[in-house]
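Protein chains in written order, with UniProt numbering: chain A, 1 to 298; chain B, 1 to 298.
For the record, the hints were derived by calculation from the structure and aren't laboratory data. Incorrect hints may appear among the rest.
Because identical chains cannot be distinguished in the list, a pair is counted as satisfied if it fits within a single copy or across any two copies.
Taking lysine to aspartate or glutamate pairs in the EDC-like style, the calculated list, with each CA pair at most 20 Å apart, reads [said to hold, decoys possible]: (1) Lys37 / Asp133; (2) Lys74 / Glu206; (3) Lys215 / Asp203; (4) Lys146 / Glu175; (5) Lys74 / Glu214; (6) Lys37 / Glu88; (7) Lys220 / Asp193; (8) Lys5 / Asp131; (9) Lys63 / Asp153; (10) Lys93 / Glu107; (11) Lys37 / Glu130; (12) Lys5 / Glu109; (13) Lys74 / Asp151; (14) Lys215 / Asp68; (15) Lys74 / Glu197; (16) Lys169 / Glu138; (17) Lys67 / Asp203; (18) Lys195 / Asp68; (19) Lys132 / Asp66.
Bear in mind the structure is a predicted one, so any value in this text is a computation, not a measurement.
2 protein chains.
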Amino acid sequence: MASRKVVELFYDVVSPYSWLGFEVMCRYRHVWNIELKLRPAFLGGVMHGSGNKPPGMVPNKFKYMDKDLTRLAKYFDVPLKCPADPFEVMFQKGSMSAMRFVTAVQERETGGDEQVEQVSRELWRRIWSEDKDITQPESMSEAAKKAGLSDSDVEAALQLYTSQPIKDKLKNTTEHALSYGAFGFPMIVCHIDGKPEIFFGSDRFELMAFCIGEKWLGPKPDKSAARLMSGSGYPCKNGDTFCGKFYLHPKFPTLLGGSLVFLLSGRHILCKQVFRMADGTTDVSVSSWQIFVTLSRK
Amino acid sequence: MASRKVVELFYDVVSPYSWLGFEVMCRYRHVWNIELKLRPAFLGGVMHGSGNKPPGMVPNKFKYMDKDLTRLAKYFDVPLKCPADPFEVMFQKGSMSAMRFVTAVQERETGGDEQVEQVSRELWRRIWSEDKDITQPESMSEAAKKAGLSDSDVEAALQLYTSQPIKDKLKNTTEHALSYGAFGFPMIVCHIDGKPEIFFGSDRFELMAFCIGEKWLGPKPDKSAARLMSGSGYPCKNGDTFCGKFYLHPKFPTLLGGSLVFLLSGRHILCKQVFRMADGTTDVSVSSWQIFVTLSRK
């Protein structure tokens, strides 16, 4: 198994396209052979540092983005809804406090990033689904509790997020993004053979997959009929029982195909390699027969 | 067979992302059940009319676009290469004459749009692959001859392209684009149930397919192993001979699958409906058996 590629995701909860990118990458971290690193940063700092202007300033572009986000949200299955006054939400209220809070949660978390992931998601849900505030301490507290943090963890993060070390950490991550050439979020940095490949936006996943040698299965890989063998799966024993959802490789001789169908209809198959996927389905590779079989575990 | 959906593609050969979108749509016009209408227009007029600024003005964005285009060109299999001085090419020399010339070719062409398609492609090749001029009459003449136009057709288009009716036609198409909410190119307008759905850029094809009820097979559908039945195909006779590249529908009973494999290995199959694709391969639907079979014609 090749070592997992490190993929950094720079995001800010003020950015709706970042939410789409975030959910897709959180889904694919269990499908692709990658190590996803969440990089909460401050979009305002990136816009200022790069001299970029928000796209919504051009009326036609703003109207299009509204429509584009609605369509994408449906296709990506993310409950995104534009707030009543997006300009107030994005440019007057902003996200500096919220991103400092996420940074504080990240600073305190050990052994993974489940809290950072869940707190980010709940902040997005407030601002980009429920049209609720994310600037006040009680707003962050509510989001963090919904994300599953204990009262004491929430309290500690609220104590921490206005401290200088947290302000500096958020600033450093933002400058790190700028050093990669950021001019907006989401920005995804894939480290391939020691070199960073930069992808901006939530519309380069298919290209990204091509560049990192993985397969794009659409925004909902768990819903896809096709499954790929995954480095994150693990072997289970020969002779396992499956139900008969399968795909024959085009090069596979038709006669052997018949035998395989017979084996499958008997609900048993001798496998060289079997991988169980994160979502409970199973992938089988019988590579010596030049055939890939994809099955749902019974 | 449902009636074909009308899809309008607004483009300008000064825009590299338009080239990618153009090639993809020209490929899919033979795969999806659509009627593609080419709408050569003037990007400068759209930028001015919408108050938009070119994305390349932000240094980080410019650097990213250069990289993004190189990667996309490879993935899309379009021979796009940035010219030595893109600013001179795009903003000083521009494309008004070239787009008037394309408009003149379109005005004169009857019974299809092959000339418009080929001339547009050759102009893109000059500016975005070979770093050659597209502003002078001799440049347009060269492109048109390479596109397969006769000397007399080229001469007639050169006579026509500076005329007032052609200037007006280009202006009208550009204003038509603005009336759809354009702020850049490519812009693709899909007419679905009498309503226009607008897609900007060359990164919404998967979403577009979802919206028009078609399937996205990547930027090179002819290279894809999967084939879909196409409204543009036509039936051929029962008992035709095929070679054995096939896909069994997951719901298909495994035992019948065995029989089908046997039929295929005998190189004959009785089909309910057979469609021949534009690229010479053949799709077979045996819908009463609840199965789709995809075959290459022998």
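Cross-check of the supplied hints:
Taking the shortest alpha-carbon separations for lysine 37 and aspartate 133, neither the intra-copy value of 27 Å nor the inter-copy value of 46 Å comes in at or below 20 Å. Taking identical chains as interchangeable, the C-alpha atoms of lysine 74 and glutamate 206 lie at most 20 Å apart whether they share a chain (18 Å) or sit on different chains (13 Å). Taking the closest pair of Cα atoms, lysine 215 and aspartate 203 come within 20 Å of each other both inside a single copy (15 Å) and across two copies (17 Å). Proximity of lysine 146 and glutamate 175 under a CA criterion of 20 Å is satisfied in neither setting, with 30 Å inside one chain copy and 49 Å between copies.
Taking the closest pair of Cα atoms, lysine 74 and glutamate 214 come within 20 Å of each other only across two copies (16 Å); inside a single copy the shortest separation is 24 Å, beyond that limit. Within a single copy, lysine 37 and glutamate 88 get their C-alpha atoms no closer than 30 Å, and across copies no closer than 40 Å, so neither meets the 20 Å cut-off. Taking the shortest Cα distances, lysine 220 and aspartate 193 never come within 20 Å of each other, neither inside one copy (28 Å) nor across copies (27 Å). For the identical chains of this complex, lysine 5 and aspartate 131 are neighbours neither inside a copy (36 Å) nor across copies (37 Å), given an alpha-carbon limit of 20 Å.
In the homo-oligomer, the alpha carbons of lysine 63 and aspartate 153 never lie at most 20 Å apart, since the shortest distance is 41 Å inside one protomer and 42 Å across protomers. In the homo-oligomer, the alpha carbons of lysine 93 and glutamate 107 never lie at most 20 Å apart, since the shortest distance is 24 Å inside one protomer and 53 Å across protomers. Taking the shortest alpha-carbon separations for lysine 37 and glutamate 130, neither the intra-copy value of 27 Å nor the inter-copy value of 41 Å comes in at or below 20 Å. Taking the shortest Cα distances, lysine 5 and glutamate 109 never come within 20 Å of each other, neither inside one copy (23 Å) nor across copies (52 Å).
Taking CA atoms no more than 20 Å apart as the test, lysine 74 paired with aspartate 151 passes in neither setting, with 34 Å inside one copy and 52 Å between copies. With identical chains, the CA atoms of lysine 215 and aspartate 68 are at most 20 Å apart between copies only, with a shortest distance of 19 Å across copies and 25 Å within one. For the identical chains of this complex, lysine 74 and glutamate 197 are inter-copy neighbours only, at 15 Å across copies versus 28 Å inside a copy, given an alpha-carbon limit of 20 Å. In the homo-oligomer, the alpha carbons of lysine 169 and glutamate 138 never lie at most 20 Å apart, since the shortest distance is 23 Å inside one protomer and 59 Å across protomers.
Taking identical chains as interchangeable, the C-alpha atoms of lysine 67 and aspartate 203 lie at most 20 Å apart whether they share a chain (15 Å) or sit on different chains (15 Å). In this assembly of identical chains, lysine 195 and aspartate 68 lie within 20 Å of each other by CA distance solely across copies; the values are 15 Å between and 32 Å within a copy. In this assembly of identical chains, lysine 132 and aspartate 66 lie within 20 Å of each other by CA distance solely inside one copy; the values are 18 Å within and 39 Å between copies.
Going through the hint list in order, the structure does not satisfy hints 1, 4, 6, 7, 8, 9, 10, 11, 12, 13 and 16.
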